[in-house]
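Asker: The primary structure of each chain is shown beneath.
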Amino acid sequence: MSEARFHNPGWAGNTGEFELSEADVRGSEYAGDLPPEGGHPSTAASHPFMLVERDPDAPLFEGPYQARFEKIRGRYPTAMAALLPTLNLAQELRGHVSPETMDEVAALLGLSSAYVRGVATFYTMYNKRPVGRFLIQVCTNISCNLCGADEVLAAFLEHTGTELGDTSADGNFTVAEAECLAACGFPTCVQINERYFEDVSVADVPRVLARLKAELNGGDAAPAPE
Amino acid sequence: MAYPYRHEKETRVLSEGFGDPGARTVAGWKNYGGYQGIARALEIGREATIEEVKRSGLRGRGGAGFPTGLKWSFMPKDTRRPHYLLCNADESEPGTFKDREIIRWTPHQLIEGCLVGSYAIGASHCYIYLRGEFFESTRVMARALEEAYEEGLVGKDIMGSGVDIDITLHVGAGAYICGEETGLMNSLEGRRGEPRIKPPFPAAVGAFGMPTTINNVETLAAIPHIARHGGEWYRQWGTDKSPGTKLFCVSGHVNRPGNYEFPLGFPLMELIEDVCGGMRDGNALKAVIPGGSSVPIMSADDCRDCTLCYEGVEAAGSMLGCASVIVMDETADIVKQVRRMAYFYSHESCGQCTPCREGTTWATQILRRIEDGRGTEDDLDTLIEISEQMTGTTICVLSDSLAMPIISSIEKFRDDYLALIRRGERMGAA
Ligand SMILES: Cc1cc2nc3c(=O)[nH]c(=O)nc-3n(C[C@H](O)[C@H](O)[C@H](O)COP(=O)(O)O)c2cc1C
Ligand code: SF4
Ligand code: FES
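As they're listed, the protein sequences go chains A and B.
Under my numbering, the first sequence is numbered contiguously, ending at residue 226.
Under my numbering, the second sequence is numbered contiguously, ending at residue 656.
Derived by calculation from the structure, the hints in this document are not laboratory data.
Careful: at least some of the hints might be erroneous.
Quick look at which bits of chain B chain A covers, simulated, 3 or more residues with Cβ under 8 Å [what the hints assert, rightly or not]:
1) 316 to 324
2) 368 to 375
3) 413 to 419
4) 422 to 430
5) 577 to 586
Everything numeric in this text was worked out from a predicted model, so none of it was measured.
Quick reminder that beta carbons are idealized off the backbone N, C-alpha and C, glycines included.
With the rest of the complex left out, here is chain A (with noise of 0.2 Å):
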């Protein structure tokens, strides 16, 4: 390519070489952590439904979770709408849904798990079984493809020594194709739990990856130097 990389400024958790950091990007105050409890009724449920830490076994809902549970089933006519925020309100503490947490939603909500399995079966998002700490899905779509998107996730899959669809024999990566993430500009996009990585070459798989090792070890999560 003749001129330098074209970077999207946009927070791609990426790795540092856009003029822009984060804090300029999304603003400082909103690079923190939202209230576990949520704010206003109306924004209880976004918070993002995929992080590192989880407890398969945790209590639906117990503390600050009951209260972003309530104010979740508060604001909706029908207890049936409140359902999907609730089961990404489950998979947000145990990191995914099973039959079980299907069917406890169900009881909460005074509908059938048979009616709930039904639903939560028809979406992607909900992990029917356990993911590794970090869930990788790579856009394979049309624009990330072709700019070389196969072989980005070829060389995620070979970097993590997994097949597709595999969680790695640590239980730390699980890597996936994705289907278009709205960020086609900037190919290849890959979502890793609640983060996009933009502009990701191949080049780039290892560092990607060095730094998420980074995360896990508590070390900060700095680019690698150049």
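Could you slot chain B with the ligands onto chain A? The hints should help.
Answerer: Okay, now just chain B with the ligands, sitting in the frame of chain A:
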């Protein structure tokens, strides 16, 4: 350099605040003239607001291009039953990445659009249906909405007007079909996101069985400007049939992909050559999909005199859709890309209609066979036949959305298909 997706030729109405983190606060957004649109709407009243939007000629930016003011006027005038406004922020049409940019840079622009829209159609509750994957945009939106509530811009008695409008963020969970308007309504209600048979139309029976209007993010983002400056003002840009400005999301083989805002009617080749810095590696242009993956593919020839407005792209044999311009150079493998699209649509088909469920699956398998060198020339006829059966026969247009790229690619790039078929035959014979 703050925000690199800029070009001096742009006309920035919607994208003026892009790249300025300050625009995400109420105070910052007011520096851009924010919240004056809703103030004026409240002053002139419901009917007059709808009239301004009609006068502007604004057409829906979610793909279909339906006139927004007209859509709003379908809502019943009697507001004793609740009315709803739904903002479609499920952006998942491959190639499209404009709504995410609007939400994460100018959340108040969208909030204000939702307020004006809700007020105009007599809705006291608006749901913003955000795509589940949009974690970051959702957080930005949540912050902005919290602040708007604190400032009395949203909620009870907005801006002291006596009008109540609540806005709720509703986060989806991954399904392309939830972007279809009635699929979105089912999903909001806590059901599988399966499109509904129309009629009844949403303005009569929509979300929770109530009169409902649904608009795309970019449509609603244009509303505060129209409410503030009037419909005539908006018509200073664009063409008679396609007034105003539009975000063009350019992706693929250009040097500077990104979101660029221009008046509708902007020449396609100027966008590619000039604004986007030309083709990557100096390669030759091969094809363009001008409106997201669901529209017919254009050859380089079709592109030459194409202007980017609804009627201009139609004259060039395709559709403007959401103006997601996917550019392919001579290295692009058309058959592979069409197969990838077919896979996408078969994956995302909700399965209610046989032509769609079966057609998308069969088309994917046949395309895969051709790609692997096991195809025959008859397969091309079969593909066209399947595609024709998939057109106009189903509840929603997802099915048609795959038929169009298949038919157009076979028409325009038959040689690409034949080359794979011939190579396979030679290898089989050897
Ligand atoms: C399969 C399918 C997917 C769609 N996806 C979206 C989408 O992601 N975002 C969107 O705004 N409109 C989408 N639409 C269009 C909507 O049905 C609807 O026309 C649009 O939201 C109306 O808003 P507008 O009039 O402001 O354009 C989709 C339509 C179909 C058939
Ligand atoms: S056309 Fe396809 S996606 Fe649309 S309703 Fe029918 S089966 Fe579902
Ligand atoms: S095609 Fe990859 S993000 Fe849209």
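Asker: Please go over all the hints and tell whether each is borne out by the structure.
Answerer: Right, here's what the structure says about each hint:
1. 316 to 324: Result for this restraint: holds, n = 7.
2. 368 to 375: holds (count 5)
3. 413 to 419: As far as the region 413 to 419 of chain B goes, the hint holds, because 7 residues have Cβ atoms under 8 Å from chain A.
4. 422 to 430: violated (count 0)
5. 577 to 586: violated (count 0)
Hints 4, 5 from the list above are not met by this structure, while the remaining hints are.
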